[in-house]
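Participant: Each chain, letter by letter, is given below.
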Amino acid sequence: MTAYETVIGLEVHIELATNSKIFCSCTNGSDADPNTHVCPACCGMPGMLPVANREVINLGMTAGMMLNCDINRTTTFDKKSYYYPDLPASYQTTQWFAPVAVNGHVTIETPEGPKDIRIKQIHMEEDAGKLVHDNLTFTTLVDFNRTSVPLIEIVSQPDLRNADEVEAYLERLRTLLRFAKVSGARMEKGTMRADVNLSVRPAGSQELGVRTEMKNMASIAAIRRAIEFETARHIDAIENGTEELVQETRGWNDDAGTSFSMRTKETAGDYRYFPDPNIMPIVIDDEWFDRIKASLPQLPEEKLEHYMAEIGLSEYDASALTQSRAFCDCFEGAMAAGAAAKDAANWIITNCAGILNKRGMTSDELPVPGSALGQLIALVDGGKLSSANGKRLLETLFDVAERGEAIPEDIAAFAETEGLLNSSDTGELEAVVAAVIAADPETAQAYRDGREKALNPLFGACMQQLKGKCDTQVLRELLIAELNKG
Amino acid sequence: MDRETLVKLEQLNQLSLTSQEQDEVLAFFAAREADWEALAAIDTENIERMVHVRPMTNVLREDVASQPFDREDLLVQAPESMDGYWQVPQVL
Ligand SMILES: [Zn+2]
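The listed protein sequences correspond, in order, to chains L and X. With this note's numbering, letter number 423 in the first sequence gets 499, and the count goes up by one each step, no holes. With this note's numbering, letter number 36 in the second sequence gets 58, and the count goes up by one each step, no holes.
Nothing false has been slipped in among the hints.
Subject to a maximum C-alpha distance of 25 Å in a straight line, what follows is the list of computed SDA-like cross-link-like pairs (lysine to any residue): (1) L:Lys-206 <-> X:Ala-87; (2) L:Lys-206 <-> X:Pro-101; (3) L:Lys-155 <-> X:Pro-77; (4) L:Lys-206 <-> X:Asp-92.
Treat the hints as calculated values from the structure; they're not laboratory data.
Can you build the whole structure from these sequences, using the hints too?
Facilitator: Laid out in structure tokens, this is it:
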């Protein structure tokens, strides 16, 4: 019985997190009402001229550097011709002759140890629109909000051998691109989509078998199932002659667990790529190159090492923080604002993560900057804010961000206006203490008679009157002093 | 350019030319055949690819979003529209 080897290469499309589209200034936001983020340029009206978005080039370079690629110092855009209603200009502007980045690699962990997956190239391009079928009129409805949304396509060499490696590769890509703030890279949101190229050959053979491509796979679980199904289908065809394998694009029906033929793949020549004369070449000089290079983040594993060895966090805390670039930024920002490392880590891992979870947000969506968290922690440590009200304040900051407002610079002032700060007026505390003791003389007497636990209900009653806004240490001392007087 | 290539290009571009139109296009290309042959004869080995005819580079814009056009203004240009969508013959 022959042993077979599956050979897999991936083309991964990543939607870039820019404000505007790649060749026009329409808002990059394809979730809006249909055709509200469109203009004559991205609707393909004749005579409109594209102007490339500088930030897209920055992010393309960043992705290239994160994936150990060579950056093409002169990079150009080309037209890829095809006719479909989701592409109003009848061509897609992409990169064919001089993509922004080439010849990189990504290292993944496998049971046999680390393995480099080679990256053939990364090119920048525009996305296509969305088509909706209308059952009443038997027509197709077109939404151009997504046309010209910037993408990068990351093309790997056929170095992947099984579903585990594919999953490890996609996860590594996602981590690197999120850390570099290139994209949220969320498959469930459609900001990361993969085309899977797969062929099967006898193990040890150097020749590649007939290759099929499955387009727009939207979850890792579906990719795993599709790889399993296609591998079995190819082996069956080779061994038993059940069908003749042809190079083609196949769709994946995840509900049925089967792939199906879509159309024979147009060969590269049929796309008739040619240079886009409307977009001037982009020349990346040393200054630009160095600026992007200097902006690259530490890798998560470097941060983990740094947090443990130099900052002294536990492995648990360090790895919880380094799951997310936003967590790392918040942590480092809070420390820069004077918070102790352990405090900052706790507030993020416990309180911030709890609120994110409750609101169905991902860790990368943490809206509270480190400087704000650092000030909040200082207020709690300084006895100006109770820990319960600190959590309330944090929740309020999430609300501020959710309303699309800026997080206030001065957190103490904000806490003051929100009425969450502890009363610094000892006179008020003394009055409350006196009133509580007067209202419950029996419990007060019980305490004086040596029942220490009797302090708790009195303390609780004071806290209730003060609505939690006091330095608990100061309150406790005042209460004991007042009881001992009587 | 021969008729077979032309027919393939017609298919790719979703065009359908009459045989008279095909003759005109073929005649257009045939008249320039000699020019292309002359160009093709030039030895371009070891010559760097010309990137663009204009000596301009880095014509870029900053990443600032703006929305100067109304959907309704743009939909006027659509052959048919429905519920804010462009409407086209069924393709799905
Ligand atoms: Zn536009």
